[in-house]
Each structure stands twice: as C-alpha cells, then as structure tokens.
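S.K.: Sequence:
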Amino acid sequence: MKALNPMLVTYLEVSRDLCETDSVLFGATVAVCRMIGAKIRMAGRATKKSSAILAWRKRIEDRIAKALIGRLTSFSLSQPDITQKLMERIDDLKQKIAAWGKRIQRFTERSRRFNQNRLFENDQKRLYKSLERLRVCGAGPRPDQADTIAFWRGLWSEPVNHSEDPWMEVVASQGVSIMPMNPVTITPKDVAEAVRRPRTGKVRGSTGCIITD
Numbered sequence: 001m002k003a004l005n006p007m008l009v010t011y012l013e014v015s016r017d018l019c020e021t022d023s024v025l026f027g028a029t030v031a032v033c034r035m036i037g038a039k040i041r042m043a044g045r046a047t048k049k050s051s052a053i054l055a056w057r058k059r060i061e062d063r064i065a066k067a068l069i070g071r072l073t074s075f076s077l078s079q080p081d082i083t084q085k086l087m088e089r090i091d092d093l094k095q096k097i098a099a100w101g102k103r104i105q106r107f108t109e110r111s112r113r114f115n116q117n118r119l120f121e122n123d124q125k126r127l128y129k130s131l132e133r134l135r136v137c138g139a140g141p142r143p144d145q146a147d148t149i150a151f152w153r154g155l156w157s158e159p160v161n162h163s164e165d166p167w168m169e170v171v172a173s174q175g176v177s178i179m180p181m182n183p184v185t186i187t188p189k190d191v192a193e194a195v196r197r198p199r200t201g202k203v204r205g206s207t208g209c210i211i212t213d
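The letter at position 8 of the sequence shown is residue 8 when you use the working numbering, and the numbering goes up by one with no holes.
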C-alpha cells in the first residue's frame, strides 16, 4: 500500500467526478487483490439500471488495475533488499507479540491474586481446596519403596557435626537470662475459638503467601 498510494495521485488529480474517483479507487483495490492473490467479488457493484455504465466503468477499472499492477511489479523488482525489509518487519512483529504475551501473563497473574484474596475474605474453605488441586501430582509411576527408604535413611543416619565457632557461644550466653515460657495447655474451647472466622487483616507476603494478623 505504501507503494500504491503515490501512484494513485496521478489518477485522482485528473478525476472529473465522484463516479470516476470511485472507479480509480476500485481499480486500485483490484490491483492489490491480484498482487496478493486475494479473491474479490465483482457482483453487486451495478444495478439493472446502471448496466450500460458498467461496461465502460469495468474497462476503466481493468485498465487502471493493469497499470498499477505493472508499476507494483516494477517497484518490487527494483527493491533488491525487500526480503531484508520483510525479515525486519517480521522480527518487529514477533517482538510485539512477545510483549503482548507478557502483558497477558501479567494480567492473568494479577487476576489470580485478586481472586485468591477475594476467596480468602469470603470463602476460605473454597480457596484452600483450589490451592490443593493445583498441587495434585500427575498420574506417573510411584517411586520405589526401597529407594525412598534408602534416601531418607542416608539423610537421617549420617552423624551431624555442628559448628563450634565462638559466635555461637556468645549467642548462647546472651540467652541464659531469658526465662523459659510456661507450658501451654490447649483445650477444646481454645480450638473452637481458633477455628471461628473472625474479621482479620489480610496481606500478601513477599513470597506470595497470604498472611493474617
């Protein structure tokens, strides 16, 4: 279209009326469609009353289309670096698509956080169920029992050598004056009070977890 627009000026400047201007523009449309291989429907452009005008209009349009096709062909042949320009344009479009994809990803993540916060405020049970479903393991083969036992036994059976650096002694001496906390006895009444749904403040921590205070 960038190559076609300057060519239309010559024909539009000598146009005598709107009818001829319409023919010029339609001829340009036909030229572009033929160059890119697109199909164009000619039916419906003329009524029964204007059938006499259709013949000369079609001749003008075809003549304009052929002239413009020839100019477009010569323009494309005179541009040896047209492939390079197309590749640059394709790369530019790929970068735009990648940017749009990132924008959609950020929007999806923001919507997910918003919905989780709303669920936590209105229906915590439903929120926790949705989080559990996200962590469901796939239907793959189960790990071998002997390998699992050997793995954990290798971790817990190894002797642990604690670091005996001086700073640990300093920290231990600082904690001598701290009185131990009295033992806490949890009663069924305490549990019943804790599982109620009081109105609490909710914030999202740096790790993405929901924190209540």
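Among the hints, erroneous ones may be present.
Stated by the list, open to error - Now the in silico label distances, taken between C-beta atoms and shown as ranges:
| # | residue 1 | residue 2 | range |
| --- | --- | --- | --- |
| 1 | R106 | M181 | 43 to 49 Å |
| 2 | S173 | R106 | 48 to 54 Å |
| 3 | E158 | D190 | 38 to 44 Å |
Hints were generated in silico from the structure; no laboratory data involved.
This structure is a prediction, so every number in the text was calculated from the model and none was measured.
Beta carbons: idealized from backbone N, C-alpha and C, even for Gly.
S.K.: Confirm or reject each hint.
M.R.: How the hints compare with the structure:
1. Distance hint check: the CB atoms of R106 and M181 are about 45 Å apart, consistent with the given range 43 to 49 Å.
2. Between S173 and R106 the C-beta distance comes to about 51 Å, which sits within the given range of 48 to 54 Å.
3. The hint said 38 to 44 Å for the Cβ distance between E158 and D190, and at roughly 39 Å that hint holds.
When each numbered hint is compared with the structure, no violation occurs for any of them.
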